[in-house]
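Given only the sequences and the hints, what does the whole structure look like? Please build it.
Each chain, written out:
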Amino acid sequence: GDSVTQMEGPVTLSEEAFLTINCTYTATGYPSLFWYVQYPGEGLQLLLKATKADDKGSNKGFEATYRKETTSFHLEKGSVQVSDSAVYFCALPSNRDDKIIFGKGTRLHILP
Amino acid sequence: GAVVSQHPSRVICKSGTSVKIECRSLDFQATTMFWYRQFPKQSLMLMATSNEGSKATYEQGVEKDKFLINHASLTLSTLTVTSAHPEDSSFYICSARDRRNTGAGNTIYFGEGSWLTVV
Chain A
2 GDSVTQMEGP VTLSEEAFLT INCTYTATGY PSLFWYVQYP GEGLQLLLKA TKADDKGSNK
62 GFEATYRKET TSFHLEKGSV QVSDSAVYFC ALPSNRDDKI IFGKGTRLHI LP
Chain B
4 GAVVSQHPSR VICKSGTSVK IECRSLDFQA TTMFWYRQFP KQSLMLMATS NEGSKATYEQ
64 GVEKDKFLIN HASLTLSTLT VTSAHPEDSS FYICSARDRR NTGAGNTIYF GEGSWLTVV
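From first to last, the protein sequence lines stand for chains A and B.
Quick note: the first sequence uses the working numbering, first residue 2, plus one each step.
Quick note: the second sequence uses the working numbering, first residue 4, plus one each step.
Derived by calculation from the structure, the hints in this document are not laboratory data.
Just so we're clear, the structure is a prediction, and the values are computed from it rather than from any experiment.
Incorrect hints may have been included.
Claimed, not checked - Partial pick of chain B residues on the chain A-facing surface, computed with a CB cut under 10 Å:
id, residue
1, Gln45
2, Glu62
3, Cys97
4, Phe113
5, Gly114
Just so you know, even glycine gets a beta-carbon here, dropped at the ideal spot from N, CA and C.
Here it is in structure tokens:
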């Protein structure tokens, strides 16, 4: 079945460092791909998405490119901030309407 | 933007008691709400799909008699953990789909989650 695999955390970086959180997927066809973020004490929020191969989703300085060849959707940011500390989930919709399959989440700590 | 509110955010209950978690869509109507559970260092796993006015659809392996779901209105779904045991301690999070939109992902809004600890 469909699945998502993302790098395990926690990931600890200094402020202004470059960030990459790897995500690969297994799916039938070419589903949309998402990154969700969960800030401390808050609910999940959609961070960015890509709906087809080679699309690049971007938001708040984060980017992820839908790579069909490598079945990947890695999350990147050029210069992280302390406020980016959160848990990040890679996800895709299953073939069932609205059901979302999540990766295990990657906790990110940014040190000032 | 659309807001989904969960209550309580944290609850501690005694083993053998029942606890109810509410999920409300505050500024939209949700015909469908989803309940997820997350164990430590595990992914969010869908427990059940809650449809307004009908019975919930449970995922394989989820006990429907233990995790009672009620979706009595277009803005409220409740999850009741009956006869709770310490192994039920987990993070429960709901999501709701805005009935005005279609498609996955961007039309689904998540609550803040509820931490349940059974002692």
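Verify the interface restraint on Gln45 of chain B: the C-beta must sit less than 10 Å from at least one C-beta of chain A. 6 Å, holds
Closer than 10 Å between Cβ atoms is the bar; does Glu62 of chain B clear it against chain A? Give me holds or violated. 9 Å, holds
The hint names Gly114 of chain B as touching chain A; please verify it with the least Cβ-Cβ distance against 10 Å. Result: holds, 5 Å to nearest chain A Cβ.
Any CB of chain A closer than 10 Å to the CB of Cys97 of chain B? 9 Å, holds
Please check whether Phe113 of chain B passes as an interface residue: C-beta within 10 Å of a C-beta belonging to chain A. Hint holds; Phe113 of chain B Cβ to chain A Cβ min 4 Å, cut 10 Å.
Going through the hint list in order, the structure satisfies each hint without exception.
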